[in-house]
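There are 2 protein chains.
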Amino acid sequence: MATAKRHRSARSWRRSEKCSTAFVEIFRQESVNLARLLSLVFILFWKGFNVSLLVVGSVAFDSIRTPYGQAEMIPGGSASYFAVTASYFTPVNVVAVVGEDFGEQHLRLFQGRPIDLSGLERAPGKTFLWRGEYSSDMNEARTLETQLNVFESFAPKIPAAYLDSEFLFLGNIDPVLQLHVRKQLPRARLAACDTMNFWITGKPAELKKTLASVDALIINEGEARMLSGADTLRRAAAGIQSLGPRIVIVKRGEHGACFFEGKSIFFVPAFPLEEVRDPTGAGDSFAGGFMGYIARHGNTSEAHLRRALVYGSVMASFAVEQFGLERLLRIERQEIEERFQDFKAMTHFDV
Amino acid sequence: MATAKRHRSARSWRRSEKCSTAFVEIFRQESVNLARLLSLVFILFWKGFNVSLLVVGSVAFDSIRTPYGQAEMIPGGSASYFAVTASYFTPVNVVAVVGEDFGEQHLRLFQGRPIDLSGLERAPGKTFLWRGEYSSDMNEARTLETQLNVFESFAPKIPAAYLDSEFLFLGNIDPVLQLHVRKQLPRARLAACDTMNFWITGKPAELKKTLASVDALIINEGEARMLSGADTLRRAAAGIQSLGPRIVIVKRGEHGACFFEGKSIFFVPAFPLEEVRDPTGAGDSFAGGFMGYIARHGNTSEAHLRRALVYGSVMASFAVEQFGLERLLRIERQEIEERFQDFKAMTHFDV
Chain S
1 MATAKRHRSA RSWRRSEKCS TAFVEIFRQE SVNLARLLSL VFILFWKGFN VSLLVVGSVA
61 FDSIRTPYGQ AEMIPGGSAS YFAVTASYFT PVNVVAVVGE DFGEQHLRLF QGRPIDLSGL
121 ERAPGKTFLW RGEYSSDMNE ARTLETQLNV FESFAPKIPA AYLDSEFLFL GNIDPVLQLH
181 VRKQLPRARL AACDTMNFWI TGKPAELKKT LASVDALIIN EGEARMLSGA DTLRRAAAGI
241 QSLGPRIVIV KRGEHGACFF EGKSIFFVPA FPLEEVRDPT GAGDSFAGGF MGYIARHGNT
301 SEAHLRRALV YGSVMASFAV EQFGLERLLR IERQEIEERF QDFKAMTHFD V
Chain B
1 MATAKRHRSA RSWRRSEKCS TAFVEIFRQE SVNLARLLSL VFILFWKGFN VSLLVVGSVA
61 FDSIRTPYGQ AEMIPGGSAS YFAVTASYFT PVNVVAVVGE DFGEQHLRLF QGRPIDLSGL
121 ERAPGKTFLW RGEYSSDMNE ARTLETQLNV FESFAPKIPA AYLDSEFLFL GNIDPVLQLH
181 VRKQLPRARL AACDTMNFWI TGKPAELKKT LASVDALIIN EGEARMLSGA DTLRRAAAGI
241 QSLGPRIVIV KRGEHGACFF EGKSIFFVPA FPLEEVRDPT GAGDSFAGGF MGYIARHGNT
301 SEAHLRRALV YGSVMASFAV EQFGLERLLR IERQEIEERF QDFKAMTHFD V
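Protein chains in written order, with my numbering: chain S, 1 to 351; chain B, 1 to 351.
Any given hint might turn out to be false.
What the hints assert, rightly or not - Listed next, the in silico PhoX-like pairs over lysine-lysine satisfying Cα-Cα at most 25 Å (straight line): (1) Lys344(S) with Lys263(B); (2) Lys183(S) with Lys157(S); (3) Lys209(B) with Lys183(B); (4) Lys344(S) with Lys263(S); (5) Lys183(B) with Lys263(S); (6) Lys208(B) with Lys183(B); (7) Lys344(B) with Lys344(S); (8) Lys183(S) with Lys209(S); (9) Lys344(B) with Lys263(B).
Honestly, the hints are just simulated from the structure, not real lab data.
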């Protein structure tokens, strides 16, 4: 019995030893898996809470007249259009300046959306004001009045929490400020900027430095020609690429947009609306859709960039349906997806 | 034996009877098949030799100045551009008029191609002449001189052999003449026409009658707005569709073209060339590629129409690479297919 017991206990010990070895082994493996799991959870949390899309631009009051009506002192500006649009895809941090006249009722527009306004500075004085009108050819605005106000001495201050933003959009502001911001985010995976005739002719040397520092330029067609001195789209894009940005996106108003990266070219039309009520902010909404989609997926492969361009055109088409931010503030997710599918139906053909 | 023989012969007779019945049956079936085969061969022959695409338009001399140079008295006109382009896809019949100055050396341009000129009338007097120039914005020509000459009294005579054409393109001529031709080809499966501001303002009632008689209008964007009185592309197309044509194709110059049929919309960009040397004839080359592809396949399904539109844009892009018909006269089949594939690469995206 004793022997039998000993044997049993020896077997049992050996079994127990085996068990504990196996347990240790499982634990060792599981702890590796657990470590992996924990780091994944940490990354997901970190990604979830770490807003990685930053826009620096203007928050303004616009007074707009179009053949469909007019609006007085409505909130606008490149950063506003960009942030509201991109917020349908990903959280957005905003760096901009407003004056004392930009009240709580105006700030409320951004509430209830993943838009962080801790970089929105309030300065003594009045908010930047733009007054413009469109004739029946909605492709170009005629500026009636520009009051820079607090924007005149705007020096973008990037909150520390924004400094590791992976995606950056530099709205159409002084190229000196654009470069100043760009330099503070050297690790951004995709930095894009916009510019206009005023800076092309007014600060060409400064603009060239900014262009040399960004990955992408998103620019109107006429200004792409002006900047490059080239007459065809293809030469204009190549000319701009030689200044720095590897990606050139030419906005063509009602004719859509065209994308150039290396030898690759991609066209996206503008959505053919029955009525265009106010084209203000279409370009920044395009950029918001484009950058928002990229930041959401954290992927800059060409397949993603192409889809992002289509989302850009989708969002621009909503922007122009009503005055100012009106339509952009009440889009349903499903409407965005439906219009995205419409773009496929309007552009694809069987070979 | 005799009985056995009789039996055998009876069996043999019965077998032979069965055989002959079977043979008759097979012959009967085969003759049906043969009849089918013969009719198929006949149809193929008939289709092969029966040219079913007809263009009625102008054959002219053009004097053109662009930022890239100038050309004096080179052959042009809507029917010339259309015929040369469409001839890459299918045989084409031409109805037009030239003067005594349009010599053998000019007619040689059409030789060696499946272009039938038996409908090209030679009238006493001079050939239609157009003199125009383009500024650096190549999108619009400035007309410096127009001499109608023999075109002034042009009354298109459709040769009897052309009267059963299945596909018809009415180039940009007097809508009264367009309707006159259209009425002579009531069985055409697809009749398309072009028009311009001159007729929209000059002969609106006559133009409306022509539009009510065609399946498709191929028109410049500005003229589509002028004709419809609408400001957006979508409303312009709907307005034109209400006048008759179920298909509206809006040519947008360097921005490509847009197609409307029922609820379906399709965009094709213009090929982004490094250099556009002479935009003359781009619209008619577009129409030639479009109608040529359709006539080649004899199919007007939407999938075919979309591919036809891409071929239209492909051919227009070749047209503008050199002055006049120069480039169009020396395209390789492979170049056309390569550019067609380029269009797919420039427009498709994964959903």
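Exercise. Which earlier hints turn out false for this structure, listed by number in ascending order?
Worked result: Number 5 only.
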